[in-house]
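K.L.:
Sequence:
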Amino acid sequence: MPIFEYRCEKCHTKFEKIVFNRSEEILCPKCGNPEVQKLLSSFAVSAPSSECGPKVGAACPRGGT
Numbered sequence: 103m104p105i106f107e108y109r110c111e112k113c114h115t116k117f118e119k120i121v122f123n124r125s126e127e128i129l130c131p132k133c134g135n136p137e138v139q140k141l142l143s144s145f146a147v148s149a150p151s152s153e154c155g156p157k158v159g160a161a162c163p164r165g166g167t
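Taking my numbering, the leading residue of the sequence shown gets 103, the next gets one more, and so forth.
None of these hints come from the bench; they were simulated from the model. Careful: at least some of the hints might be erroneous.
The following label-pair restraints were derived from C-beta to C-beta distances [to be verified]:
1) Ser148 / Glu118: 11 to 21 Å
2) Glu111 / Pro150: 39 to 49 Å
3) Cys113 / Pro150: 17 to 27 Å
4) Arg109 / Pro150: 28 to 38 Å
5) Ile105 / Glu137: 18 to 28 Å
6) Ser148 / Glu107: 13 to 23 Å
7) His114 / Pro150: 34 to 44 Å
8) Leu129 / Pro150: 29 to 39 Å
9) Pro150 / Glu127: 28 to 38 Å
10) Ser143 / Cys113: 14 to 24 Å
11) Glu107 / Gly134: 31 to 41 Å
12) Ile105 / Asn135: 12 to 22 Å
13) Glu111 / Ser148: 17 to 27 Å
14) Phe122 / Leu142: 34 to 44 Å
Pairs of lysine-lysine residues, derived as BS3-like cross-links and limited to a Cα-Cα distance of at most 30 Å, are as follows [stated by the list, open to error]:
15) Lys140 / Lys112
16) Lys132 / Lys119
17) Lys140 / Lys116
18) Lys112 / Lys132
We put the CB at the ideal spot given by N, CA and C, even for glycine.
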């Protein structure tokens, strides 16, 4: 379920919305206006804690004996 960021064309409110269906009408939560613009959003990438991070010249510690 992607989260998109929008800006209302009428009141300029920025908001996020989880989109379940791409044909779903998106309304501004402040004024109810259907004329909203999808914004380019930044995103983060993460890995499970058991994964190593970027290699910077050191091995990933695995623990144990």
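K.L.:
Each hint needs a verdict: does it hold in this structure or not?
P.N.:
Okay, the hints, checked on the actual structure:
1. Ser148 / Glu118: 11 to 21 Å: holds, 18 Å
2. Glu111 / Pro150: 39 to 49 Å: For Glu111 and Pro150 the Cβ distance comes to about 40 Å; the hint holds.
3. Cys113 / Pro150: 17 to 27 Å: violated, 41 Å
4. Arg109 / Pro150: 28 to 38 Å: holds, 34 Å
5. Ile105 / Glu137: 18 to 28 Å: Holds, at about 20 Å.
6. Ser148 / Glu107: 13 to 23 Å: At roughly 19 Å between Cβ atoms, Glu107 and Ser148 fall inside 13 to 23 Å, so the hint holds.
7. His114 / Pro150: 34 to 44 Å: holds, 39 Å
8. Leu129 / Pro150: 29 to 39 Å: Check passed, 36 Å falls within 29 to 39 Å.
9. Pro150 / Glu127: 28 to 38 Å: At roughly 36 Å between Cβ atoms, Glu127 and Pro150 fall inside 28 to 38 Å, so the hint holds.
10. Ser143 / Cys113: 14 to 24 Å: holds, 20 Å
11. Glu107 / Gly134: 31 to 41 Å: violated, 18 Å
12. Ile105 / Asn135: 12 to 22 Å: holds, 20 Å
13. Glu111 / Ser148: 17 to 27 Å: violated, 33 Å
14. Phe122 / Leu142: 34 to 44 Å: violated, 21 Å
15. Lys140 / Lys112: Holds, because 14 Å separates the two Cα atoms, which is no more than 30 Å.
16. Lys132 / Lys119: holds, 13 Å
17. Lys140 / Lys116: Measuring from Cα to Cα gives roughly 10 Å; hence the hint holds.
18. Lys112 / Lys132: holds, 10 Å
In summary, the structure is inconsistent with hints 3, 11, 13 and 14 from the numbered list given earlier, while agreeing with the others.
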